[in-house]
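Peer 1: Required output: the full structure, derived from the provided sequences and hints.
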Amino acid sequence: MPCSRTTLTLSDAKRMLEAGEARAASFGIAYNIAVVDDGGALVAFVRQDGALIGSIDLAIGKAVTARLFDKTTAYLSELAQPGAPLFGIEQSNGGRVVIFGGGIPVRIDGEIIGAVGASAGTIEQDISVAEAATAALNSSNA
Numbered sequence: 001m002p003c004s005r006t007t008l009t010l011s012d013a014k015r016m017l018e019a020g021e022a023r024a025a026s027f028g029i030a031y032n033i034a035v036v037d038d039g040g041a042l043v044a045f046v047r048q049d050g051a052l053i054g055s056i057d058l059a060i061g062k063a064v065t066a067r068l069f070d071k072t073t074a075y076l077s078e079l080a081q082p083g084a085p086l087f088g089i090e091q092s093n094g095g096r097v098v099i100f101g102g103g104i105p106v107r108i109d110g111e112i113i114g115a116v117g118a119s120a121g122t123i124e125q126d127i128s129v130a131e132a133a134t135a136a137l138n139s140s141n142a
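Under the numbering used here, think of the first position of the sequence shown as 1, with each following residue one higher.
Just so you know, these hints were derived from the structure itself, not from any lab.
It is possible that part of the hints are untrue.
Unchecked claim - Now the in silico label distances, taken between C-beta atoms and shown as ranges: (1) T9 with Q81: 34 to 40 Å; (2) D109 with G50: 33 to 39 Å; (3) E18 with E124: 19 to 25 Å; (4) A84 with N138: 17 to 23 Å; (5) T122 with G95: 19 to 25 Å; (6) A25 with Q91: 16 to 22 Å; (7) G95 with L52: 19 to 25 Å; (8) R107 with E78: 17 to 23 Å; (9) I123 with A22: 16 to 22 Å; (10) F87 with G28: 31 to 37 Å.
Don't be surprised by glycine CBs; every beta carbon is placed ideally from N, CA and C.
Peer 2: And the structure:
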């Protein structure tokens, strides 16, 4: 029996990046935003003019982390504190796990089809940019 699954397309990712960029502009901050597919592979990435170079890997890492664990990176951050059940998780997967807010799994009809990661502002701003990207996709599929 063939296996069927849904994943983010390049078209989806472009809509998400556009929405994330608009939210970033509302903060007046140049952002790095990454979108990965259901397997955690990069589909699309944008580095706005002047965005922090150090945030490139963080944005991609947040997206990949959100997909690897199917949780927001903000929630993983809570679980990774000393004494919490996932303390030390950032050392897994070759140390590429990013455990602060800004990475969000993308769900359609309850199925995770990819993830988005944003980096350049405060944690709260990063989360907001990622949420705007996710909302753009969900609103177009409603």
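Peer 1: Each hint should be assessed against the structure and marked as holding or not.
Peer 2: Each hint tested on the structure:
Between T9 and Q81 the CB atoms are about 36 Å apart, so this pair conforms to the stated range of 34 to 40 Å. The hinted range of 33 to 39 Å is satisfied by D109 and G50, whose Cβ atoms lie roughly 38 Å apart. Take E18 and E124: their Cβ atoms lie about 21 Å apart, and the range 19 to 25 Å holds. Take A84 and N138: their Cβ atoms lie about 30 Å apart, and the range 17 to 23 Å is violated.
One distance hint, 19 to 25 Å for the beta-carbon pair T122 and G95, holds here, with the actual separation near 24 Å. For the pair A25 and Q91, the beta carbons lie near 36 Å from each other, so the given range of 16 to 22 Å is not met. Here the CB-CB span from G95 to L52 is close to 20 Å, well matched to the stated 19 to 25 Å. Range check, R107 to E78: Cβ separation about 20 Å, and the 17 to 23 Å hint holds.
Taken as a hint, the range 16 to 22 Å holds for the pair I123 and A22, whose Cβ atoms sit roughly 20 Å apart. A beta carbon spacing of about 36 Å between F87 and G28 agrees with the range 31 to 37 Å that was offered as a hint.
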